Structures are given as structure tokens and as C-alpha cells.
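Given only the sequences and the hints, what does the whole structure look like? Please build it.
Throughout the sequence shown, residue numbering follows the UniProt record's numbering, covering 1 to 98 in sequence.
The hints are simulated quantities; they were obtained by calculation from the structure and are not laboratory data. All figures in this text were calculated on a predicted structure; none of them were measured in a lab. One should not assume that every hint holds.
Simulated DEER-style distance windows between Cβ atoms [said to hold, decoys possible]: (1) Ser-59 to Ser-96: 34 to 42 angstroms; (2) Gln-56 to Gly-25: 42 to 50 angstroms; (3) Arg-95 to Ala-61: 44 to 52 angstroms; (4) Gln-72 to Ala-43: 52 to 60 angstroms.
DSBU-like cross-link-like pairs, simulated, lysine-lysine; straight-line CA separation at most 30 angstroms [unchecked claim]: (5) Lys-35 to Lys-21; (6) Lys-53 to Lys-35; (7) Lys-17 to Lys-35.
Yeah, the Cβ is synthetic: ideal placement off N, Cα and C, and Gly gets one too.
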Amino acid sequence: MAEGGGGSWRDVIGAAKQRAKDLTGDERTQQAIAKATAGAQVATHHLDQTRRKVTQEESWAEVTTAIEELVQVTLAQQQLIEGLVVRVDALEAGRSDG
1 MAEGGGGSWR
11 DVIGAAKQRA
21 KDLTGDERTQ
31 QAIAKATAGA
41 QVATHHLDQT
51 RRKVTQEESW
61 AEVTTAIEEL
71 VQVTLAQQQL
81 IEGLVVRVDA
91 LEAGRSDG
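Take a look at the structure:
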């Protein structure tokens, strides 16, 4: 930013901070923030439990990954086969035209 700005970006940031402080200063907003914080704590606890469960089931994750890879290979093979069938059909159609 140019020197001639006179630090106006600082003024904007300061004003934004003050507006945020003013908006969160009333009782109702404080209660909403407290509820949101409590909800976040519950979600964090649930996430921690889930993380532990996932850690216990790591081998299942590896099996799932292997299955997903197998499905991808099978789909690729299917597409290849379908492409070959189309080419064979086209060759046979060309042979019957000639």
C-alpha cells in the first residue's frame, strides 16, 4: 500500500474489530455463542470417539481401499471390453458393406 494512504487499512481493521465487539456484546449474542461453543465441544467429543473407532478398524479401511481399487480395475476392464466390442462391430459392419 502507498505511504499516502495514512494507515487507512489499520482504521478499517480497527473499525471492523469494534463492530464485531459491538455485535457480540449483548446478552442474547453471548448466549448464542455459549450454545455454539457447547455444541462445538459435543461435536469434538463425538469426533474423538469416531476417530478412536476408526483407529480400531484400520484393517477394515485397508480392505475397503483394496475393494475400491478392485472395482476401479473392473470398471476399466469393462470399458475396454465395451470399446473392443464397438470396434469389432464396426469392423464386421465394414466387412459386410464391402
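Between Lys-53 and Lys-35, does the CA-CA distance stay at or below 30 angstroms? holds (27 angstroms)
If I claimed the Cβ atoms of Arg-95 and Ala-61 lie 44 to 52 angstroms apart, would that claim hold in this structure? holds (51 angstroms)
Sort out whether Lys-35 lies within 30 angstroms of Lys-17, counting only the CA atoms. Since the Cα atoms of Lys-17 and Lys-35 sit roughly 22 angstroms apart, the hinted pair holds (cutoff 30 angstroms).
Hinted pair Lys-35 and Lys-21, Cα distance within 30 angstroms: This hinted pair holds, its Cα atoms lying about 18 angstroms apart.
Pairwise beta carbon distance, Ser-59 to Ser-96, judged against the given window 34 to 42 angstroms: 55 angstroms Cβ-Cβ, so the 34 to 42 angstroms window is violated.
Could one say that the CB atoms of Gln-56 and Gly-25 fall in the range 42 to 50 angstroms? Holds - the Cβ-Cβ distance for Gln-56 and Gly-25, about 45 angstroms, lies within 42 to 50 angstroms.
Outcome of range test on Cβ distance (Gln-72, Ala-43; 52 to 60 angstroms): violated (33 angstroms)
Going through the hint list in order, the structure does not satisfy hints 1 and 4.
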